[in-house]
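If you read the sequences in order, they're chains S and C. FYI, the numbering for the first sequence is 0 to 410, going by numbering that gives the first Met the number 0. FYI, the numbering for the second sequence is 0 to 410, going by numbering that gives the first Met the number 0.
Bear in mind the hints are in silico, worked out from the structure with no lab data behind them. Here the structure is a predicted model, which is why all the values come from computation and not from measurement. Don't take each hint at face value.
Identical copies carry no separate label here, and so any pair may be met within one copy or between two of them.
As the list claims (entries may be wrong) - The list that follows gives simulated cross-link-like pairs (lysine to aspartate or glutamate, EDC-like), each with its CA atoms no further than 16 Å apart:
1) Lys54 - Asp190
2) Lys39 - Asp190
3) Lys105 - Glu230
4) Lys163 - Asp93
5) Lys201 - Glu118
6) Lys105 - Asp367
7) Lys163 - Glu118
8) Lys163 - Glu230
9) Lys235 - Asp405
10) Lys52 - Glu68
11) Lys54 - Glu34
12) Lys201 - Asp21
Number of protein chains: 2
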Amino acid sequence: MQTLGQQARFASRGMAMATRADKDAAILAIADELEANVTKLIDDNKKDLEAGKDKGLDAALLDRLAITEGGVAAMAEGCRQVAALADPIGEVADMSYLPSGIQVGKMRVPLGVIGIVYESRPNVTVDAAILCLKSGNATILRGGSEAIYSNKAIATCIASALAKTGLPEHAVQVVGTTDRTAVGELITMPDYVDVIVPRGGKGLIERISRDASVPVIKHLDGICHVYLDNEADFTKGMAIAVNAKTHRYGVCNAMETLLVHEDRASEFLPPLCQEYLARGVELRGCARTRRIVTMNVATEEDWQTEYLAPILSIKVVTSIDEAIEHIARYSSAHTESIVTENYTSSRRFIQQVDSSSVMVNASTRFADGFEYGLGAEIGISTDKLHARGPVGLQGLTSQKYVVYGDGHIRQ
Amino acid sequence: MQTLGQQARFASRGMAMATRADKDAAILAIADELEANVTKLIDDNKKDLEAGKDKGLDAALLDRLAITEGGVAAMAEGCRQVAALADPIGEVADMSYLPSGIQVGKMRVPLGVIGIVYESRPNVTVDAAILCLKSGNATILRGGSEAIYSNKAIATCIASALAKTGLPEHAVQVVGTTDRTAVGELITMPDYVDVIVPRGGKGLIERISRDASVPVIKHLDGICHVYLDNEADFTKGMAIAVNAKTHRYGVCNAMETLLVHEDRASEFLPPLCQEYLARGVELRGCARTRRIVTMNVATEEDWQTEYLAPILSIKVVTSIDEAIEHIARYSSAHTESIVTENYTSSRRFIQQVDSSSVMVNASTRFADGFEYGLGAEIGISTDKLHARGPVGLQGLTSQKYVVYGDGHIRQ
């Protein structure tokens, strides 16, 4: 790992100076290599799938692990989209003259070396590599052992694409060992690694956050709430509450708890619950909810749980204040949405809810880098420092002050 | 400390919602309280000064510790300047409609609770308090034991100012104990403290960075370089090289190493060295420098040293590449400046030098929050994540995504 680290640090200096043309050419070359090697990718992926079956991985995990022809096409398409994004590096903001006569601005620069630790999905290898390349960083990728053949096959495509273009050969390095101590080393090399982005389950992220001696951009729980206000539009409220829960279940921006104002509970809950039950969602409610619709009781633990499953907890609240209080107490500060036609309530909710995304009259499912126009994302940060919410190219950069003078000295 | 932490966390919620008018009123009230209590401040400060003399603190330290009438006036003036700054909170950037129809922007929000650990200078108590108030944060201030009476007197002024206005009473808390374990607790309460800003010597900052379990905004060494290019203007080069070293010695943005292109060494070095010697600066040079001007030899250790004193190391380089290489190897990535009239060299230096401030034809002494127009600074970050370079109000904030829809759901 030390050698990989040194090589990455060296490569990062070349990456910081790479032109947009070189970076885009490399990313497009990766797309071409992936498409040219689709048969090999699928064959090598089969080795992982077979080993996974032997190890008894569950169907959902095997599904995430599988590479199909369509999957390769999607990876290549992702490359072409990232190549088309503007280059964030070198962008200068807020350039202005100060009273002393110097001109000061902030120039966007790469972070340096980004270590990415992730689980099963092999497409992360491509996504992470191209986002780091586009943002001028070198990267060390450490995928899960269950995807080792797939990741090595993808790494070969990336390496041959880099070799065909002008970028440093060690700009992207895929850790070839499945040895678990490799992760421990990667996250404790502050001389060679500037930031770690873990992608995977809560256990992985908590372990890395605890053990890392380099900064970590974390992506933790999404206990997201929708609050149907007393002035909610009925049609919008129904559509958003259904979409936020049922559009996809295993995602961090799905709603886990629905809050309903008491004035509207008997109007919203019966048709909503019917819709949820029709879609196979298990419902758990507070006492007041259960007086309107029969369902299991929601316990204290329910309010604290990210189900990532077709389960929903429901609470009736007496006011927007109680809704905001409940969110302050139980939310993981990921994404919350209010449904209301009231001007003051919408402003209060936006101002007082301290989550990475706060919405009015929109489904929590929109909390996503693509939907926010970032082009792509490397994860959704639940940290408040550096990057918060969906992290795109900008989250993988820093800034430096640039100062232009004409012989200026401090008086 | 747990109690202080809980109180701060509670106060931070009130602070996040405080209006600009309330925050400015509190900051102006602090200025008034300080001025009204100038005699008490000076009297209490005398207790610290006497204790310091008994403990044998050196003259420089006692000087930093002293509160004078002029010092109180400067603190009050600082308050009035910060009150006049724009409120960063609630500012929304990049609001735009996305193809789905939702409108997305980024709203600036406070970090929450900021812990500040600092040494001797009592004016930091005021500076830190007002910057945190203005940026909507609650703060816990832990000053040095040598300034305990002074800090308590200032804390009384701040408390009575807060009591007169609408802000939470625990928005600013000054730790009243000199017990050293208090720092250890403060920096390991992630539930109550969102970020730690250490201000003081290298030892303090390294200790806190090592032991903290909450994020730290660090301010480490300033090993700053000025490079006189082969196309440097002679007058600008002389002025900048003298100013960067001699304007003040004990500051992080002072030049510690001068790099001179070989083509100009015999022109620049004799008059420059004469100027330095006249001002009492000790010179240490590389072999080529010493062939031009007699001086002590600069060792490997010199290139790695932040003197914070009237000492300068000088190296003759054969090219801008060697200058950039030397900086990459020895700089602390704080501030570097090139003096040149050459377009391409100026662009290369700006692009390739990876420091928090990179300058052309300006003295490194400009690397400062006031000089950059930030209004005030809480320190100069040598980190690349979150805040880099001089940290003003913006560095004490985060952002959240705000999303406005009209019943939008994800397709």
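Same-copy or cross-copy closeness of lysine 201 to aspartate 21 [CA-CA at most 16 Å]:
Close neither inside one copy (37 Å) nor across copies (41 Å); limit 16 Å.
Check lysine 54 against glutamate 34 for me: Cα-Cα at most 16 Å, and say if that holds within a copy, between copies, both or neither.
neither (30 Å within a copy, 74 Å between copies)
Reference check for the pair lysine 105 and aspartate 367, CA-CA at most 16 Å: within, between, both, or neither?
between (27 Å within a copy, 14 Å between copies)
With identical chains, the pair lysine 52 and glutamate 68 could be close in the same copy or across copies; at 16 Å between alpha carbons, which is it: within, between, both, or neither?
Neither. Shortest intra-copy (21 Å) and inter-copy (78 Å) distances fail the 16 Å Cα cut-off.
Tell me, please, which holds for lysine 39 and aspartate 190 at an alpha-carbon limit of 16 Å: within, between, both or neither?
neither (36 Å within a copy, 49 Å between copies)
Reference check for the pair lysine 54 and aspartate 190, CA-CA at most 16 Å: within, between, both, or neither?
The answer is neither: 37 Å in one copy and 39 Å across copies each exceed 16 Å.
Lysine 163 and glutamate 118: within-copy, between-copy, both or neither at 16 Å Cα:
Neither, since 29 Å and 55 Å both go past 16 Å.
Using 16 Å as the alpha carbon limit, work out where lysine 201 and glutamate 118 are close: within a copy, between copies, both or neither.
within (11 Å within a copy, 39 Å between copies)
At most 16 Å between CA atoms: does that hold for lysine 235 and aspartate 405 within a copy, between copies, both, or neither?
So lysine 235 and aspartate 405 pass the 16 Å test across copies only (7 Å; inside, 59 Å).
If the cut is 16 Å between Cα atoms, do lysine 163 and glutamate 230 qualify within a copy, between copies, both or neither?
neither (60 Å within a copy, 37 Å between copies)
How would you label the pair lysine 163, aspartate 93 (within, between, both, or neither) given a Cα cut-off of 16 Å?
This pair counts as neither: shortest intra-copy Cα distance 37 Å, inter-copy 37 Å.
Copy assignment of lysine 105 with glutamate 230, given that the CA separation must stay at most 16 Å:
neither (44 Å within a copy, 26 Å between copies)
Of the numbered hints stated above, those contradicted by the structure are hints 1, 2, 3, 4, 7, 8, 10, 11 and 12, listed in ascending order.
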